[in-house]
Amino acid sequence: MTSRRIALLASAVFMLWFAGCAQMSQVASGEVVVSGRMVVNLDKPWNQFEQVMGDGIPTWTQDGVTVDTLKFYVGLKNGALIAETPSEPKGQAPLAFRSTMQTAEIVTLFERLYSRGGSSFTLEKVVPHRFVDTPGFRFEFSSIRKSDDVRLRGVGWGAVRNGELFAITYTAPRLAFYPAGLPSATSIADSARVRQ
Amino acid sequence: MRRRQWLQWGCAHCAMLGGLAQAQSEWTMPPRLPRPELSGEEGGLWAMMDREETRLRRSPFRVRNAELDKYLAGIACQLGADHCPDIRVYTMRAPYFNASMAPNGMLQVWSGMLLRLENEAQLAAIVAHEIGHYVQRHSLEQMRDAKARAAFATAMAAAGVVGLVGMLLAVGGAYAFSRDQERDADRIGVVLMRSNGYDTREAPKVWANLLDEVKANPDSDPALDSVLFATHPTSEERRDALQRQAAQAGGRTGAAEYRATLAPLRFGLLEDEIKRGRPAESKVLLDRLLASEPDSAELLYFRGEALRHRDAAGDKTLALADYDAAVRTGRPPAPTYRSLGSLYQSMNQPDAARDAWQQYLRAAPDAPDAALIQQAIGDIK
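Residue numbers (the numbering used here), protein chains in the order written: chain A, 1 to 196; chain B, 1 to 381.
Hints listed in this document are in silico derivations from the structure and should not be mistaken for laboratory results. As the structure is a computational prediction, the values presented were derived from the model and not from experiment. Treat the hints with caution; some may be incorrect.
[To be verified] Below are the BS3-like pairs computed for lysine-lysine, each with C-alpha atoms no more than 30 angstroms apart in a straight line: (1) B:Lys70 x A:Lys125; (2) B:Lys215 x A:Lys125; (3) A:Lys146 x A:Lys125; (4) B:Lys70 x A:Lys77; (5) A:Lys44 x B:Lys316; (6) B:Lys215 x B:Lys70; (7) A:Lys44 x A:Lys125; (8) A:Lys77 x A:Lys125.
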């Protein structure tokens, strides 16, 4: 066993320990500022992870992050990653946003994210949609999570404003959880604006 | 190395090869394995695998294609001979190269592996290898070894940080142990291929092809970068050993049958390959597939996609050439036009982008992104 493999296993043990200790706090209903830039209105309280799996993307949930997740991508600049690139295996293209990207390319970034590790991703629909007072897009997708075979549904709203990406995605198991959480997620996305 | 040492080394390996040849000629398929008593450790292992098989059978990742199932079952039956009634093959949707055999006869093949194989003989090499694991009851050996290691790891875990390292070493050693079993299964695989009339020279090609893909990444180390190579003999070793065993062989490859069976599924498998997000490896794979099917519109389209996503210097031009070549076949997949439009747009050629996108909408009016493309065309006008 190489030292590199030992390090990998040790980091996996650490991540499990870290995940168990992750702090969660409640976000009260009303107006909330996410990452200091995106203002949203909540129709009900959500749970927020203080530290989110190391990717720095604010993540909220109603029933736990393995069930439903609402993720906020706030003001990602040219070259910023929508998720960290795993160190192993090598050769994985980084999921980097570029300010010149066309909408289809941005949606492809999310497709790659949700396809990681062999999960499936099917784009159901992508349409023009105004988001953060900017012409943007809305996409719907379905996915099967590889780790537990759970069928998910998802929706994302996004726009590029002054070269920065603003987006929100919501995913949950397609039966019961997704329909239950979608209205609140939609109302949050509809209320989103960028703080000047 | 001194001459004497070199001679000793050479003789040792000649003896080993001689032994190998003898082993090959003497190896005979053992009789069918009786179902073990549930109360024993092997019975417990089978029961666990039976539960896993129930899950697998219902899994949304199972590829359900009657023709493919029949084809794979036929090959497994032919190679497994008397063991045929005990082996069940499941194709799982996973864009990676892998196959595995459980002790109860449940054989999984992953869709990424099917995409990579070139003919029936290569498929037979994998299936025969897995049957080798089954008839030699390698899982039982592995379980006994893992139990011994787990006991050691538990003892080490009580010793704090030093114990943690010991525990990790013990767990890692469990993987190293399986390499001998892999070599054994390789040896049996070649025997079964030969006795069933397959060209055994196809077996080493499987590993050589896979190695080419992994090496497409800068700074790659196959032994570290691939789970498969990490827990198996290195593919160089495997390729070389199989080449020695397969030398002088002849037989059928079954390329046409294999391609025909896979054809209805291949577009989806290629989509999964691109979504895997490892475009350098995908390009190597597609170069290889295109070498035998240079006019395949779908392969040209997907190589264009790999190049567009890799986005290295000159890749846009190469992708454009592939998309154009796909269009020239007269039967390009509809998304070829969408990608052409995006590429032209990124190259600041709006008229060409508009024309390509209009073609896309004509070819796929109900595409999930039709409204978005319509808007993009409107923005150009």
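Here's how the hints hold up against the structure:
1. B:Lys70 x A:Lys125: Roughly 35 angstroms between the alpha carbons, so the hint for lysine 70 of chain B and lysine 125 of chain A is violated.
2. B:Lys215 x A:Lys125: 37 angstroms, violated
3. A:Lys146 x A:Lys125: Answer holds: lysine 146 of chain A to lysine 125 of chain A is near 22 angstroms, not above 30 angstroms.
4. B:Lys70 x A:Lys77: 52 angstroms, violated
5. A:Lys44 x B:Lys316: Roughly 47 angstroms separates the two Cα atoms, so the pair is violated.
6. B:Lys215 x B:Lys70: Violated, at about 35 angstroms.
7. A:Lys44 x A:Lys125: Cα-Cα ~28 angstroms, so holds.
8. A:Lys77 x A:Lys125: 26 angstroms, holds
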